[in-house]
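When you get a sec, could you build the whole thing from the sequences and use the hints?
Residue numbers (my numbering), protein chains in the order written: chain A, -13 to 201; chain B, 10 to 295; chain C, 2 to 238.
There may be inaccurate statements among the hints.
As the list claims (entries may be wrong) - DMTMM-like, lysine to aspartate or glutamate: derived pairs with alpha carbons at most 20 Å apart:
(1) K97(B) - E104(C)
(2) K97(B) - E108(B)
(3) K206(B) - D119(C)
(4) K206(B) - E237(B)
Bear in mind the hints are in silico, worked out from the structure with no lab data behind them.
For clarity, every value in this text was computed on a predicted model and none was experimentally measured.
Chain residues, written in single-letter form:
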Amino acid sequence: MTWDWAFVIKILPALGIGVWYTVVVTAAASVIALGLGLALAIMESVSKTYGRAFVLFWLELFRGVPSLVLLYFCFYVLPQLGVTVPAIPIGIVVLGVVYAAYCSEVYRGSLITIQGELRDACVALHLRSYTKWRRILVPLMAQRAAPALLNYVLSLFRETAVLFAIGVPVLMGEANDIGYEHFRYLEPYTLAGAIYLAMNLPFLYVLSRFKDKHA
Amino acid sequence: MLSATNFSQQLQFESNAVDDSMDEGGAAPHAKKMMWSIEFEKVSKSFGSHQVLVDLDLQVRPGEKVTLIGPSGSGKTTVLRLAMTLAKPTRGDIRIFGESILFDADKKGLSAAQESRIRRRCGMVFQQYNLFPHLTVLQNLILAPTTVLRQSKAQAVESAMVYLRMVGLQDKARSYPAQLSGGQQQRIAIARALVMKPEILLLDEITSALDPELAGEVLDVVRRVAHESRVSLLIVTHEMRFAREVSDRIAVFDRGSIIEQGVPEKIFTQPENERTRTFLQSVLDH
Amino acid sequence: MRAVLEYWSVLAHGLWVTVWVSFCIIVGSIPGAVILGALRLSENRAVRLTSTIIIESIRAPSALVLLYWVAYALPLVPGMPRLSPITAAIVVLALDGAAYGAEIVRAGIEAVHRGQFDACHALGLSKIQGFSRVILPQALSQIVPGFGGLARSMIKWTAIVSFIGVQDVMYVANYIRGQTFDTVAVFCVLAALYWLLTILCGVMFRGLEQLLPLNRALRSSRVELNLTSNLVSESVQ
Ligand SMILES: Nc1ncnc2c1ncn2[C@@H]1O[C@H](COP(=O)(O)OP(=O)(O)OP(=O)(O)O)[C@@H](O)[C@H]1O
Ligand SMILES: [Mg+2]
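This is the structure we're talking about:
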């Protein structure tokens, strides 16, 4: 079988839709991961025993179980309980929650260093707890944790490909459907690979900028 | 510690060892003209736009003990690192027993094998000891002889024990570096350099990470090497009394070149250069 | 739950495939990781750049896309082999592991003190001798724990091999679900199995850490120090 440019042109729009869904899913899941991760880190810091135990349990669970298993679980079990949720929100929430656990570890790491540095200053200024978190700790945490968090967002983006297993039309799913429909696999999979690769470049660029600034 | 008779026995061995290698050196192609053990010719070195060495000329005779002194940042460490091929000069040439460590006869770069053969005649001891922490003392000493010189293990162990005895640490052969004091580690590092039977030994501030008492035991070892063997020493140190005792010649560094050199007596009692005087005043005051 | 357990032999077979694939990709990724990681630190800029590009291009399209490409698109390229599903899975995941592992190896080597490189050079060791006898053994103390974490992830990566028809535990679980319709039980058992596998893998790497030369050296120093302090305290009493 040889490379067929006409076929490439024909399938580009469908792949474009896949790219769009990939971006949407990545963005939405990242928002959950970054926000929930922050909430978990704060909760953990406020409640050293229960909060920490809860986050640890959460982390251990996701460290040991593939996201694919969690995806299938939610996808097949929720309807049995009488809740019908479309595949896209399920995919977004599962990936978001899994990565929230990882992100909370990153936030926690930066929070520990900041608290060490600023503890005395916050005490000396008699800041209210809310003000302290809102105006000082959270912005600093976000700033310090940014490179590591971006790395997780990149991993999350790469992992969105598995959502095709529950029928989310991400780029991988579109390529798969096209291949199946036309019995031509070379072009869709090669193109999908190339597009995924290209979509990494902005992440890699920003990460290298972070590294330069750090060095 | 060891008795005096033991010392002289071991050092006898040491000087024999150096004699042997000197004979090999004498058979080298440039044997006829006066040979320096190490020779810097118009060597310059820059890091980016920062020029650290400026047209440096420095020669050391076989067996000569030369000490470099000078203010911090004047380029002393850089000289030793260049001699050890840990860095390459920007311009100029460096020769070890007449052979360039940079170029072959056709002025081309050396092959790895050529470079390794020449650099083997140099050994170096570092400020931070740089012992291999995952190996025992004995393993530290026999690693290079067995891999580089391809000695048998028994042979390497035998000669390693001789040098361990010389630095007074034969009972530490099975210890790991982390189990030793700083002074003991540095003595092991000296032994590790000596088992390779170098003809030139480079010592870079080997006591400046040590407390005074520990520094003393390390300097004792160097004194013995200096007085009783024929290895050339190129020493960088801030210990002025020690420099005065062991050196045949002292070279004063300032801003990347030698501003004055001569026998220790002269440098310490009648320095000619104004900056030498101020430098010596500042260190001797402490 | 009972219904699911009746399929235990099928499940065991699937689990065995997962363990086997995991083992192959973890072991298979090691040489590539060491080589790519060492090349990342080469003095030659072109070599450094090439290895960076190789690493990033393996990681970029995610293992799943790469797996489909190798399984379905590669055989269509003239002169390219048609790999069996399990071979394709092992090759792709091992490659991916090598790319992620290379960063761990690089960081481990960079963490070795500069003076160790200088000492190797001053003793006349060649680059290869210094790397294999001095630098790598020390770097392993950082690399092995990092690799342990990666290995746990790699076990989870194997879940995707069921897509191209490898009959691993994931594949078998989907089959059992089709037979019993006991979705909750099937996926709880499946999650527990993966979780156990990753825990076991973590324990094995923890054990491996104890054997590393630098860890052994540091441990024996600590023991000795404890002994001397005991002696001191005894003599004080
Ligand atoms: N790898 C390097 N990159 C950039 N600059 C360097 C490097 N090594 C040395 N330098 C610079 O070269 C100068 C001379 O350094 P060198 O270490 O030779 O001085 P020194 O005489 O040994 O000083 P000290 O007594 O403090 O050890 C210093 O200004 C130092 O900052
Ligand atoms: Mg110095």
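Open item on the list: Need the list of violated hint numbers for this structure, in ascending order.
Closed with: 1
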